[in-house]
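Trainee: Required output: the full structure, derived from the provided sequences and hints.
2 protein chains.
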Amino acid sequence: LNEQDAEFIRSSLEGVNPADITALLYEFDAEECKYVFSLLPKEVDAAILNDLEDDLRERFISEFSPEELAQYLEHLDSDDGADILYQMSIKKREEVIKYIENEEKASNILDLLRYDEDVAGGLMAKELIKANINWTILQCIEEIRKQAENVQKIYSVYVVDNLGKLVGKVSLKRIILAEDGVKIADIYDDTVVSVETYMEDEEVAQIMQKYDLEAVPVVNARGKLVGRITIDDVIDVITEMAEEERQMMAGISSDVEEDDTVWMLSKARLPWLIVGMVGGLAGAQFIGLFKGDIALIPALAFFIPLITATGGNVGIQSSSIVVQSLANPNVFSDGLLRRLMKVLFVAVVNGVILALMVFGVVMLFNRNEPLAATVSIALFSVVLLASFMGTITPLVLDKFGINPALASGPFITTANDLLGLAVYFSVAHLLYNL
Amino acid sequence: LNEQDAEFIRSSLEGVNPADITALLYEFDAEECKYVFSLLPKEVDAAILNDLEDDLRERFISEFSPEELAQYLEHLDSDDGADILYQMSIKKREEVIKYIENEEKASNILDLLRYDEDVAGGLMAKELIKANINWTILQCIEEIRKQAENVQKIYSVYVVDNLGKLVGKVSLKRIILAEDGVKIADIYDDTVVSVETYMEDEEVAQIMQKYDLEAVPVVNARGKLVGRITIDDVIDVITEMAEEERQMMAGISSDVEEDDTVWMLSKARLPWLIVGMVGGLAGAQFIGLFKGDIALIPALAFFIPLITATGGNVGIQSSSIVVQSLANPNVFSDGLLRRLMKVLFVAVVNGVILALMVFGVVMLFNRNEPLAATVSIALFSVVLLASFMGTITPLVLDKFGINPALASGPFITTANDLLGLAVYFSVAHLLYNL
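These protein sequences, in sequence, are chains A and B.
Each residue of the first sequence is one higher than the one before, starting from 6 at the first, in the numbering used here.
Each residue of the second sequence is one higher than the one before, starting from 6 at the first, in the numbering used here.
One should not assume that every hint holds.
[To be verified] From the structure, some residues in chain B lie toward chain A, with a derived Cβ separation under 10 Å:
#	residue
1	E58
2	D166
3	L168
4	G169
5	A220
6	M246
7	E250
8	W268
9	L275
10	I279
11	G288
12	Q290
13	V319
14	A332
15	V354
16	G406
[Stated by the list, open to error] To give an idea of the chain A side of the interface with chain B (calculated C-beta under 10 Å), a few residues:
#	residue
17	L18
18	V239
19	G285
20	Q329
21	L341
If you are wondering where the hints come from, they were derived from the structure by calculation, not from laboratory data.
Ideal Cβ positions, reconstructed from N, Cα and C, are used throughout, including at glycine.
Mentor: Here you go:
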């Protein structure tokens, strides 16, 4: 690349899928990337810009002038164009839109910018094929011909009435197989699933998954067809949801990746570490209350990690099962009480098994009955309480509109550490009659 | 439902999307479901059977005779049929296949059963539209007409040569827009992305995501077109991958849901609880070595939960960042050494901040310099070591072909608990000159 052998680069990248060129670009620095961009056709550049990860794209955007960016946007669907504009300052946005020559594209993009990024309106593209219910097949094919350049993948033709209201769809297969004279009204399917502009992206993803749709039409509050969402955008939503949940479970508080800066990575990790630390310090104060007990029976201290670790593990298991149920709402239908009873049963089974094992091991190694009894009774109680906490916390968070996955992370571990210590030392205090 | 008012049920479910009926069935018991099935058209029953969750479907399958099941399979794509057969004993499978009347369907399903469920061959359907490169558009449309009933969604027509080798594809849009006399050879796109039968499902999902494909053709080792994978199956793979990872992070060792039996839930949770317990008991033995120190300075015991919790949190954060990078391999390209250096930097930043805070708090509440120094030095070291462990463990697991997400669960927490205790008591022993 350093030789800047333009002809060689150009010819070797010809016919290569833009997605593969994108993968290559991650190896280059911004200047080299810009050079490669200048050698490629504008529509390939546009596809690459669309493929790039958010943070790399942000760096790219700052390298290009508004005119250059406008040229790329001409080659993208309106939703992808809007996504790129979301990453700029409002000032730069306006300038880029000013330079877009295709006025329909510009007004489509402006339309989309009105919606939040995480609702159906922000996810949809304006490009779609729309047919009036009174048209013939030939009129419909004529429309497809006209729009062929704008709409990359058609999936279905959406059928609207004279007011622009969505009334159904026709698959391309049916259009191909229909006789020339047939009217849309005779062959369209009136059981089309649609979503409304204000619907949240996660709900859109659930609907498309449930009905196995590769595209879904978007209507406004009056039922008018305003856009469509395609499956590739929804896969991104599903992937992001999974990533967000993993980060919550890992106690990472913002969307970071390994190639982010040291400072960004530290900042994303610090908040939950501090929560854990404050929990640990509170635990220290609490254990301090039993200073005398520990001085008398130092062996009590030995089992602190056992109690806290088991509480943490049980809590995360319980909460992640509830979080999973909340994400697939049709899987179960039991009431709260039956669910808690079941959680209790599972906890009793596991608690008894663990408590018996611990009792045996402590007797074997320490030959100390009161100690073995204290540790195993405390462990059993901790399993029960941590199961309960792990089940109830995500349900409460969900009730208040907070992402319940938050409860599968350091939050529940910290809470259960404190709970475990309280149970452990209370049991010890009682059993030893201290 | 109990009134068994057949006409009412039939009429109220008419025109309802099968996916919605499936959701309803979760509320009913097996007998009621079977009754509803008997009222609905066979193709709707088939769609519902295909939609059901695995465990509920297993119960369903046992309720139906092989003849009945065969009738449903006639209405499903070969891949969905094979998925259902995978859930039966080999004996019942053979019987069901015997009763399938459509011989092509039966042989297609038998073909698919040869492949593992988790490779491209097990994911693909045999139903697709295939056109010879020498055909005209009209011949191609004739083929679509013939296959129209078998192939629900066409997406693209795949182009093969005289030997059946995949050479390209034509979109339905191009077929609609082409003049009647044109040959496939003139309009097909020869840069088609395909996958091979033995490719793993996760890799197929990555490829379809990378190139934004809604369907991908599958070829055998000789390049012959043998099937195609559609996006709905791949979304299931993506969702399952995310679920599997969450379960690993939560320390749940098999695929369970809240509505499984108490015994299944207990069994899935017990293994990692036992691992955690064994770790806790090992920790107890280890702290026992410092019995004398604790008897002299009971305050040392107070900070055990702080040390182990921080080690656990840091470890999970680190490992989940690495797991994420391993899942998106093109995001970064740094070597091992540079990655470890970066992890070290992040750990130093967070470690220093946490250690200073802890030093301040302990001085404030306990006014004990050696104790504050011990805790904060140990905490700093634990942050460093746990970061290192959390980074290196998933990389090592990945090297040995084990799912690295395993390292984001109780595994790393347990390991870091022990590591943390070792560091803490070593630092204490040194600083106090015990």
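Trainee: Each hint needs a verdict: does it hold in this structure or not?
Mentor: Checked hints:
1. At its closest, the beta carbon of B:E58 sits 7 Å from a beta carbon of chain A; the interface hint therefore holds under the 10 Å criterion.
2. With a cut of 10 Å, the hint placing B:D166 at the interface with chain A is violated, because the nearest CB-to-CB distance is about 20 Å.
3. For the restraint placing B:L168 at the interface with chain A, the shortest Cβ-Cβ distance is roughly 24 Å, beyond the 10 Å limit, so the hint is violated.
4. Checking B:G169 against chain A: minimum C-beta separation of about 23 Å lies over 10 Å; hint violated.
5. For B:A220, the suggested interface contact is upheld, since its CB lies about 9 Å from the closest CB of chain A, less than 10 Å.
6. Using the Cβ-Cβ criterion of 10 Å, the hint placing B:M246 at the interface with chain A is satisfied: the shortest such distance is roughly 8 Å.
7. The interface hint given for B:E250 holds, since its Cβ lies 7 Å from the closest Cβ of chain A, which is under the 10 Å cut-off.
8. A hinted interface residue such as B:W268 counts as satisfied when its beta carbon comes closer than 10 Å to some beta carbon of chain A; here the least separation is about 7 Å, so the hint holds.
9. For B:L275, the interface hint holds, since its Cβ comes within 10 Å of a Cβ in chain A; the closest pair sits about 6 Å apart.
10. Using the Cβ-Cβ criterion of 10 Å, the hint placing B:I279 at the interface with chain A is satisfied: the shortest such distance is roughly 7 Å.
11. About 4 Å separates the beta-carbon of B:G288 from the nearest beta-carbon of chain A, less than 10 Å, and the hint is met.
12. Here the hint on B:Q290 is kept, as its CB sits about 7 Å from the closest CB of chain A, short of 10 Å.
13. Hint on B:V319 holds. Least Cβ distance to chain A is approximately 7 Å, under the 10 Å limit.
14. Interface hint at B:A332: satisfied, since its Cβ lies 9 Å from the closest Cβ of chain A, which is below the 10 Å cut-off.
15. Hint on B:V354 holds. Least Cβ distance to chain A is approximately 4 Å, under the 10 Å limit.
16. Because the closest C-beta pair between B:G406 and chain A is about 21 Å apart, greater than 10 Å, the hint is violated.
17. Violation of the interface hint for A:L18 is found here, the shortest Cβ-Cβ separation to chain B being roughly 13 Å, above the 10 Å cut-off.
18. Taking 10 Å as the C-beta cut-off, the interface hint given for A:V239 holds, the closest approach to chain B being about 8 Å.
19. For A:G285, the shortest C-beta to C-beta distance to chain B is roughly 3 Å, which falls under 10 Å, so the interface hint holds.
20. Checking A:Q329 against chain B: minimum C-beta separation of about 7 Å stays under 10 Å; hint holds.
21. At about 12 Å, the closest approach between the beta carbon of A:L341 and any beta carbon in chain B exceeds 10 Å, and the interface hint on this residue is violated.
Consistency with the previously given hints fails for numbers 2, 3, 4, 16, 17 and 21, ordered from lowest to highest.
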